[in-house]
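So the chains spell out like this:
4 protein chains.
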Amino acid sequence: MRYLLLKYKKKDKSFLIRDFSQDFHSHYGVITKEQLRKAKPGETISTQTGKEFLVEEPSFPELFKKIKRRAQMIPVKDYSAILANTMVGKDSICLDAGTGSGALACFLARFVKKVITYDVREDHQKIARKNAEFLGLKNIEFRSADIFNPDEIDVKNIDLFTLDVTTPWDAIETADNVLKRGGYLVSYSPNLTQIARMVNSLELKESFELIKVEELIEREWEVKGDRILRPKMRDIAHSGFLIFAKKLQ
Amino acid sequence: MRYLLLKYKKKDKSFLIRDFSQDFHSHYGVITKEQLRKAKPGETISTQTGKEFLVEEPSFPELFKKIKRRAQMIPVKDYSAILANTMVGKDSICLDAGTGSGALACFLARFVKKVITYDVREDHQKIARKNAEFLGLKNIEFRSADIFNPDEIDVKNIDLFTLDVTTPWDAIETADNVLKRGGYLVSYSPNLTQIARMVNSLELKESFELIKVEELIEREWEVKGDRILRPKMRDIAHSGFLIFAKKLQ
Amino acid sequence: MRYLLLKYKKKDKSFLIRDFSQDFHSHYGVITKEQLRKAKPGETISTQTGKEFLVEEPSFPELFKKIKRRAQMIPVKDYSAILANTMVGKDSICLDAGTGSGALACFLARFVKKVITYDVREDHQKIARKNAEFLGLKNIEFRSADIFNPDEIDVKNIDLFTLDVTTPWDAIETADNVLKRGGYLVSYSPNLTQIARMVNSLELKESFELIKVEELIEREWEVKGDRILRPKMRDIAHSGFLIFAKKLQ
Amino acid sequence: MRYLLLKYKKKDKSFLIRDFSQDFHSHYGVITKEQLRKAKPGETISTQTGKEFLVEEPSFPELFKKIKRRAQMIPVKDYSAILANTMVGKDSICLDAGTGSGALACFLARFVKKVITYDVREDHQKIARKNAEFLGLKNIEFRSADIFNPDEIDVKNIDLFTLDVTTPWDAIETADNVLKRGGYLVSYSPNLTQIARMVNSLELKESFELIKVEELIEREWEVKGDRILRPKMRDIAHSGFLIFAKKLQ
Numbered sequence: 080m081r082y083l084l085l086k087y088k089k090k091d092k093s094f095l096i097r098d099f100s101q102d103f104h105s106h107y108g109v110i111t112k113e114q115l116r117k118a119k120p121g122e123t124i125s126t127q128t129g130k131e132f133l134v135e136e137p138s139f140p141e142l143f144k145k146i147k148r149r150a151q152m153i154p155v156k157d158y159s160a161i162l163a164n165t166m167v168g169k170d171s172i173c174l175d176a177g178t179g180s181g182a183l184a185c186f187l188a189r190f191v192k193k194v195i196t197y198d199v200r201e202d203h204q205k206i207a208r209k210n211a212e213f214l215g216l217k218n219i220e221f222r223s224a225d226i227f228n229p230d231e232i233d234v235k236n237i238d239l240f241t242l243d244v245t246t247p248w249d250a251i252e253t254a255d256n257v258l259k260r261g262g263y264l265v266s267y268s269p270n271l272t273q274i275a276r277m278v279n280s281l282e283l284k285e286s287f288e289l290i291k292v293e294e295l296i297e298r299e300w301e302v303k304g305d306r307i308l309r310p311k312m313r314d315i316a317h318s319g320f321l322i323f324a325k326k327l328q
Numbered sequence: 080m081r082y083l084l085l086k087y088k089k090k091d092k093s094f095l096i097r098d099f100s101q102d103f104h105s106h107y108g109v110i111t112k113e114q115l116r117k118a119k120p121g122e123t124i125s126t127q128t129g130k131e132f133l134v135e136e137p138s139f140p141e142l143f144k145k146i147k148r149r150a151q152m153i154p155v156k157d158y159s160a161i162l163a164n165t166m167v168g169k170d171s172i173c174l175d176a177g178t179g180s181g182a183l184a185c186f187l188a189r190f191v192k193k194v195i196t197y198d199v200r201e202d203h204q205k206i207a208r209k210n211a212e213f214l215g216l217k218n219i220e221f222r223s224a225d226i227f228n229p230d231e232i233d234v235k236n237i238d239l240f241t242l243d244v245t246t247p248w249d250a251i252e253t254a255d256n257v258l259k260r261g262g263y264l265v266s267y268s269p270n271l272t273q274i275a276r277m278v279n280s281l282e283l284k285e286s287f288e289l290i291k292v293e294e295l296i297e298r299e300w301e302v303k304g305d306r307i308l309r310p311k312m313r314d315i316a317h318s319g320f321l322i323f324a325k326k327l328q
Numbered sequence: 080m081r082y083l084l085l086k087y088k089k090k091d092k093s094f095l096i097r098d099f100s101q102d103f104h105s106h107y108g109v110i111t112k113e114q115l116r117k118a119k120p121g122e123t124i125s126t127q128t129g130k131e132f133l134v135e136e137p138s139f140p141e142l143f144k145k146i147k148r149r150a151q152m153i154p155v156k157d158y159s160a161i162l163a164n165t166m167v168g169k170d171s172i173c174l175d176a177g178t179g180s181g182a183l184a185c186f187l188a189r190f191v192k193k194v195i196t197y198d199v200r201e202d203h204q205k206i207a208r209k210n211a212e213f214l215g216l217k218n219i220e221f222r223s224a225d226i227f228n229p230d231e232i233d234v235k236n237i238d239l240f241t242l243d244v245t246t247p248w249d250a251i252e253t254a255d256n257v258l259k260r261g262g263y264l265v266s267y268s269p270n271l272t273q274i275a276r277m278v279n280s281l282e283l284k285e286s287f288e289l290i291k292v293e294e295l296i297e298r299e300w301e302v303k304g305d306r307i308l309r310p311k312m313r314d315i316a317h318s319g320f321l322i323f324a325k326k327l328q
Numbered sequence: 080m081r082y083l084l085l086k087y088k089k090k091d092k093s094f095l096i097r098d099f100s101q102d103f104h105s106h107y108g109v110i111t112k113e114q115l116r117k118a119k120p121g122e123t124i125s126t127q128t129g130k131e132f133l134v135e136e137p138s139f140p141e142l143f144k145k146i147k148r149r150a151q152m153i154p155v156k157d158y159s160a161i162l163a164n165t166m167v168g169k170d171s172i173c174l175d176a177g178t179g180s181g182a183l184a185c186f187l188a189r190f191v192k193k194v195i196t197y198d199v200r201e202d203h204q205k206i207a208r209k210n211a212e213f214l215g216l217k218n219i220e221f222r223s224a225d226i227f228n229p230d231e232i233d234v235k236n237i238d239l240f241t242l243d244v245t246t247p248w249d250a251i252e253t254a255d256n257v258l259k260r261g262g263y264l265v266s267y268s269p270n271l272t273q274i275a276r277m278v279n280s281l282e283l284k285e286s287f288e289l290i291k292v293e294e295l296i297e298r299e300w301e302v303k304g305d306r307i308l309r310p311k312m313r314d315i316a317h318s319g320f321l322i323f324a325k326k327l328q
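Chains as they are written, first to last, in the numbering used here: chain A, 80 to 328; chain B, 80 to 328; chain C, 80 to 328; chain D, 80 to 328.
Excised from the complex, chain A in its bound form (with noise of 0.2 angstroms):
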């Protein structure tokens, strides 16, 4: 499938353009399909009213930022801290669970052979595929199934597995069972009462080693010239906490 991105150069802005068959309204004003259909990267292109776009071919981070998600979003800093802390790589096989929007799905499936992502939810399920659909992800595995009940779970050998729910703590069998020895149990709260008690039930399970519960802090710095540099004004401040254990017998 072919996609374009539209930057609006003045306004930190930018159009994903997938559909070209049609004119490309906004409240700049109007790009028609022929525009769309001749706009190479690098060009820039203005719509009748003379306000100018950037066309750009859209990297895979600019696509990701496209996709459907939840209100709670993670932000991307946090899924990163989960491949600086546990290292899965080309040939390494995930569990996700719940899989809400996919978005952690597909930022793990770009980076790792295989996902396989558990989500009771029929909606969610529905969402996640379709944003795995617009990435172009084919290493997805979508499963309906209760993360919480070892017995609804039939995979081994995992080498990561994920989780973002309320209640992670119910989960730690399961972990258990499909976890191959060295790999990892990743869980993110936005709570420290969750982090708190799952970190304690974590050190009653002798087959798991707490490896570190933290917090990652990101800084957008503003540069312009000789005059501005600073961090932004106003940012996101808290978004949750990694619980991070790895899986010893």
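Check before you lean on any hint, since a few could be wrong.
[What the hints assert, rightly or not] Below are the BS3-like pairs computed for lysine-lysine, each with C-alpha atoms no more than 30 angstroms apart in a straight line: (1) A:Lys-303 - D:Lys-145; (2) B:Lys-291 - A:Lys-311; (3) C:Lys-147 - D:Lys-291; (4) A:Lys-130 - B:Lys-284; (5) B:Lys-303 - D:Lys-217.
Simulated from the structure, these hints should not be mistaken for laboratory data.
Every value quoted in this text rests on a predicted model; they were computed, and no experiment measured them.
We have chain A already, so just place chains B, C and D on it with the hints.
Okay, now just chains B, C and D, sitting in the frame of chain A:
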């Protein structure tokens, strides 16, 4: 090659065993080569003085921590931010300059198809090659050339060009030559003076679009029962800043 | 002057009542002047639509939040850093430039003996005087003079000289003139480019010793029962940086 | 009492001279009592080995850094946050529990009318009294009583009640008794488990209104010429959290 990790339970210390033909000596006591040979992951073994070690199969991140690094090491959180913001994956080819201890090249090699890394210093290359070998990575190509001279760098169509040098602005021309359209230039600097100069140099170059300047702050949390729930008291406060730019034309 | 604070319980909103001769109108409904006159701190009063307000005696910080401020307000955390690092107290005399809305002058006046504040703009002075009057502060002296011209500033033996201007380096000569030995110069800037230039200017001046450059990051935490324990999701990410220098000679 | 501060220029080290009847010995060499007696602020003096010290008049914050403190010291940024959020000033009376090394009592005494500080431990009181004397503070009253027993604390109409104890919830009753309407209760804890319990205890008490829970993170910046502009590489990452509550009735 076979590795074992001995973790001293009480002190958060771990030792990597690579040589099973010798006794292992530490200030916790001695573990004999006979013990080492029979040790199985998940077991506990004791020194002659009764100090207990947990035997583990080292994971990739645990091995990565044992590679030889230079004084000013870049933390892994900054490496993974490169993945998160460029999303280079299994099919990507990366160019890395300069090699240094090879830590970034090794990290990227875990996730991408191939890493070509440049350094003019022989001593750096030697350490980096040993690190790659230690980690079992075979998709890194080590080259000796002046990254600031575009004529010496005869690669094309690169997905990601990473720079960890003191004068990154001198490598923009090279980056322009080797990157494919839609590819990313990422530059790491500990000082904002370097960041400001690099951003301003990139702004002058039409073929690049500045995506963002970011800093990641990692907070590790301590959690124990219902008493301890707080960030670590002392920590690394700063490593560096990252510039992300996209090649447009 | 008598003030009352009406806090709308459910929304974290508060209204200051200064005029007891009129009904109070808000989009939560009306509270009559009769109600206002009879209201006592600690009581709950209701609008005609049944919305409940808590009646409180405003504390000084609550009044301080109601003063008129300019667009780019400096948060109180940065003011407090001035106290922390200079410890000017009950016997100290401060010089403040420029006045702006008078917020810093008012803050300091609460703690020190006297604040002399300079601004050439009449509109600033007018707002600042009103703010001081509103807070009941009588130890602020408002002056109109060019802070960058040492000849116009005829004070001596100052304990603390605070600068919140875009070119602080132009005021170093004045600071040198007015500060007593052992006194402090504090300069606030939102950009590090300003900070770097000011630090370098101070380094050239033998009579000043740079103490530190600091940034304070405030995190507000949300705590509710055993469910919510996390930093606020969105917050001010940055205000500015502070330079502290001590006058030596 | 006369003090002098000797700052060793190259190492960011300073020594306080209180005894002018003896030579001063450090590993930079000896400065004789004759030199000390003649030393004037602003001058440079040398040891017999030629190491140079800058002679300074110590400021209050510089003296404050020299007081005797316990192992787990609270940084001054947290003390000043108490001033910023309660704005107790020249006319205020504060109650402080427990005294510990007296650091907070001394800090507050610099800004407010009077501080009454409680501690049952004689050894704490002794250190704290010495610290107050060293700083020349005469408005601190040291008392020995059990702060958790309201009957033992016979003061009233307090403007600010500061708590730095491990079980602050046990002092809420006392706070309720001693605070005047509109006064503030501030509690400092290193752990969020304590914070959560204290917040929940305060929520049950109608006479208190929770104002906020906050954490201050201090970043010190290094600035040198046009090369160095970055946060300090290592720093204190965490001290504690502060709860602010207002007494309503």
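To see whether the hints hold, each was checked on the structure:
no.: 1; hint: A:Lys-303 - D:Lys-145; result: violated, 42 angstroms
no.: 2; hint: B:Lys-291 - A:Lys-311; result: holds, 11 angstroms
no.: 3; hint: C:Lys-147 - D:Lys-291; result: holds, 22 angstroms
no.: 4; hint: A:Lys-130 - B:Lys-284; result: holds, 22 angstroms
no.: 5; hint: B:Lys-303 - D:Lys-217; result: violated, 42 angstroms
Taken one by one, the earlier hints fail for this structure at numbers 1 and 5, listed in ascending order.
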